[in-house]
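Going down the list, the protein sequences come from chains A and B. Sequential numbering of the first sequence, starting at 12, is according to our numbering. Sequential numbering of the second sequence, starting at 137, is according to our numbering.
There may be inaccurate statements among the hints.
[Claimed, not checked] Chain A stretches covered by chain B per the calculated footprint, using a threshold of three residues with CB under 8 Å from any CB of chain B:
no.	region
1	207-214
2	221-229
3	239-252
4	288-298
[Unchecked claim] Below are the SDA-like pairs computed for lysine to any residue, each with C-alpha atoms no more than 25 Å apart in a straight line:
no.	chain 1	residue 1	chain 2	residue 2
5	A	K338	B	A235
6	A	K103	A	Y33
7	A	K338	B	A245
8	A	K141	A	A269
9	A	K338	B	E187
10	A	K103	A	Q93
11	A	K338	B	T220
12	A	K338	B	D161
13	A	K338	B	R218
14	A	K338	B	A184
15	A	K103	A	P51
16	A	K268	A	R392
17	A	K338	A	H295
18	A	K338	B	N185
19	A	K141	A	N119
20	A	K338	B	Q206
21	A	K103	A	K141
22	A	K268	A	L395
23	A	K338	B	G247
24	A	K338	B	S246
25	A	K338	B	E217
26	A	K338	B	R242
27	A	K338	B	L210
28	A	K338	B	G238
29	A	K338	B	E241
30	A	K141	A	I88
31	A	K338	B	P237
32	A	K268	A	E283
33	A	K338	B	E236
34	A	K338	B	G209
35	A	K338	B	D222
36	A	K338	B	L190
[Stated by the list, open to error] Some chain B residues flagged as far from chain A (calculated, every beta-carbon gap over 12 Å):
no.	residue
37	S154
38	D188
39	L190
40	D193
Derived by calculation from the structure, the hints in this document are not laboratory data. Even glycine gets a Cβ: it sits at the ideal position worked out from N, Cα and C.
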Amino acid sequence: MSGGDPSKQSAEEALRESEYRYRNLFQAMAASFWELDFTPVGGMLRGLRKQGIADFAAYFADNPAFVRQMMHVTRVIDVNDQTVALFGNGDKAELLQPLDVYWPEESNHVYAASVLAAVSGRPSYATETKLRKLNGEVFDALFTACFAPEAVANGKLLIGVIDISERVRAQAMLRQVQAEFAHEARVSMLGELTASIAHEVNQPLAAIATNASAGLRWLNRPEPNLDEVRVLTQRIIADAQRAADIISRVRAMAGHKAPESAPISINSVVEEATLFLAHELESHSVALTLQLAKDLPPVLADRIQLQQVVVNLAVNAVQAMSQTPTKRRRLALCTGLHDGRVHVAIEDTGPGIDAAHQPRLFESFFTTKSNGMGMGLPICRSILETYGGAISARNAESGGAVFSFTLPAAH
Amino acid sequence: MISSGRVGADIAGVAEGSLISIIDDDESLRTALVGLVRSLGYRASGFANAEDFLASDQAGASAAIVTDIQMPGLSGIELRERLTADGCAAPVIMITARAEPGLRERAFASGALCVLRKPFAAEALIDCLERALAK
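Bound conformation, chain B alone (with noise of 0.2 Å):
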């Protein structure tokens, strides 16, 4: 599924070392999510909600922020008008396991990068990373 060669890559890249936030409720996943990005030469920190990261000082830190949208407390797309607000321009990577109409689209129009859709191959969150580092 990945070359060696993408991977020698994404540690040459500019964005090694840099910090991605990621929140989501499902313990689980946010390890593996944590354990993937920390696998491609990046920083990582995870959040069991956005309150917690919110509450954090990692905000203003973070090159991206991956969240779930749905979550106990503030929403993924609440996190990020939360943001905007705050003038955080941190790109945003959605990821959801719910398939509701109409969901993609408020996610993009409250400014996320790209919405993924659970189980998503790790492949489409890293070219997602790497466009959210791009920017």
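Here chain A stands alone, though its shape is the one from the complex (with noise of 0.2 Å):
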């Protein structure tokens, strides 16, 4: 073979060169390598094809054991140092094994991704999820799998994977921090609001209190009016329950109960924030104007932690009006869609930003408050942020500021 032809022989130094480019690559990197022999799943796929079955997708989300029999017959052919050192116990025979050893239950689906993109002809799938060392010890990875042309002809294929288990412990520990802190506002903002929420719930006490009175002087009477009593005391059901909502509103306030997103209504959310904002307002002589859009798409957020941010954002404005003649004193929360992002703004006529503070407004321990701790609106900020969403301050055309925050619409 070697010899005669000069391009051959060029061209055979070219292959050698690259293969060993490739060899020191595959060995050098820290990043975990892994060459595959996936032959017997496309005979598996080919065999799917045969029984009719073309959508792989619905197939493979049926079929959980199908799955897990092409890992099985999935070959690690061969590992360079550094999986031996994260997979292994030193030895990297013991690692050429079928792949389903390395594979939990959990990320099925990623190997069944990754045979998707194959066969649809794309160059590389990457996801996070989860794998297993031979110890049995589940970790957090960063996975690539590349489908080089050519490679994959013959059945092999490479991946990489990063032990990323350090980076989600640190930022699982981050959010849980994060959590903490918003709670501790929460029940220091609550604190402040005493006073309104003692009136929320007194207004319902006296209203049953007072029809309670009335039904008796009903019943006192010589002919006892029934008809009366019976409205009355549906009265006091309805005021009653009136009471046990704010009550659990407040309960839902100042409880731990780690966030969660869902989809929620934006509206909805600032509806309820009026709740703890309504006697503020009235105690500061301040106008409440409510512009709701209608038929905004939901967002995905913890519904108590958006409530606080409303919260946190009004109990500011009101406070910023303190030097504005009452009659003057405005809130306005409105809420709009642009964009694929809801918008929701708090508006006020106080005094407006001072230009001097504009940029150190969502810092921490920023405050120009006598009493103020500076963590309110780095929290408000925290909070968005963790769920896709942003917030930002200007003055109004009117002279006082507005405060706005968007989070994205759910699909």
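Two chains, two frames, some hints: make the complex.
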């Protein structure tokens, strides 16, 4: 074979060189690399086609055992040192096994998605998933599968794995700390709103006592009027329900439930927030305007945390208007939709934001209040960012401040 | 809390059928107060704010007025001042959920007959109404 044709010889040298570079990279990279032989998987897929099954995605989703079998016939033919260090116990040979050993059930969909990507001719597929070490430990991994056409033609496939468990742990811890901060801020905010909350509970209690007194009077007449008593008793039930609803909302706000993302209506969040604000607004003589856009899509967020953001921004707005003449104190809460994002704006008629303060508004411990901690706005921002949202502040044409936030619409 | 004897006295009283106007922005409390006043044998009409009350023709016809102090728009104290300016001398009973210093004094200075703090016993309001109607 060697000798004769000089062009063939240089081609062979180039190939050797390329092979050498590849082997070198394969070994030297800090990532875990695997070379897999999935030839038998091709046979299994051809078998499906023969049975008339064309929608592989649906078939894989309905038949996890088939996906496990594909993994089982996928053989590990080579791994680099990094893989031995990450997955094994120091012996490369014991890693050359069927692939399903490394694949926990919860990651079946990732293997299925890789097969679908290869079949559809995509050059690569990457995702975060969980993989299993030989000692059984499951860890968070960044998984990449590379489908080079010439390799795929030979039934070969290269995958890369990076251990991201530290990062995932740090993110989880950060989320927990943020949730705890948000909770502390919420409790402290509720403390400031105690008078308002007491007032909100007092109203239905006063109504209950008054209705009950009136009912007794109708009963104590020489000819008791039961129709009147019936109506009053129904009102007492409704007022007691109202008081109970207020208590349950306050309890939800004070509680320490782990935040969870769920599709929620931003308009209902704003309306519920006004429960905590009604008396605060009244006692500061602030007129409230609600401009809630109809037919807004839901947003994915934690309801209580979003309520916290709205209440926090509104309380700031009320405080900002303490020097505004009472007849001019107005708070507007507006919702809308723009470019696939749901908007909420909180506008006051206070003195507006000092240009010198503008750049630092959302920094921790920055405050313009004598008794403020400077944590309210940074916590609002961190809550919103958790759900893909953003917050900004500007001055309105009328001179007051406008704090607005946006969240991606959920579909 | 309320004896049947008292009820009989209320119904037989000179004030039976008198019109009492009730102004409170909280709907359930307003409805409850209207109901209590009716159970005493008086006529009652409720208003959600002072402006609506002034715009009605009830001010001149009211034997007594029960009003919340903090409301959107005119406060109960401002209402009393407006009524005095208009020459309406109907006695005014003020109710409030707030305990801020000086509020009672300002309410009395504006001419309130009674100032009651929410939540109040029905008895207390009835006593005030009887004093108002005895005037």
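Numbered hints the structure breaks, given as an ascending list: Hints that this structure does not satisfy do not exist here, as all of them hold.
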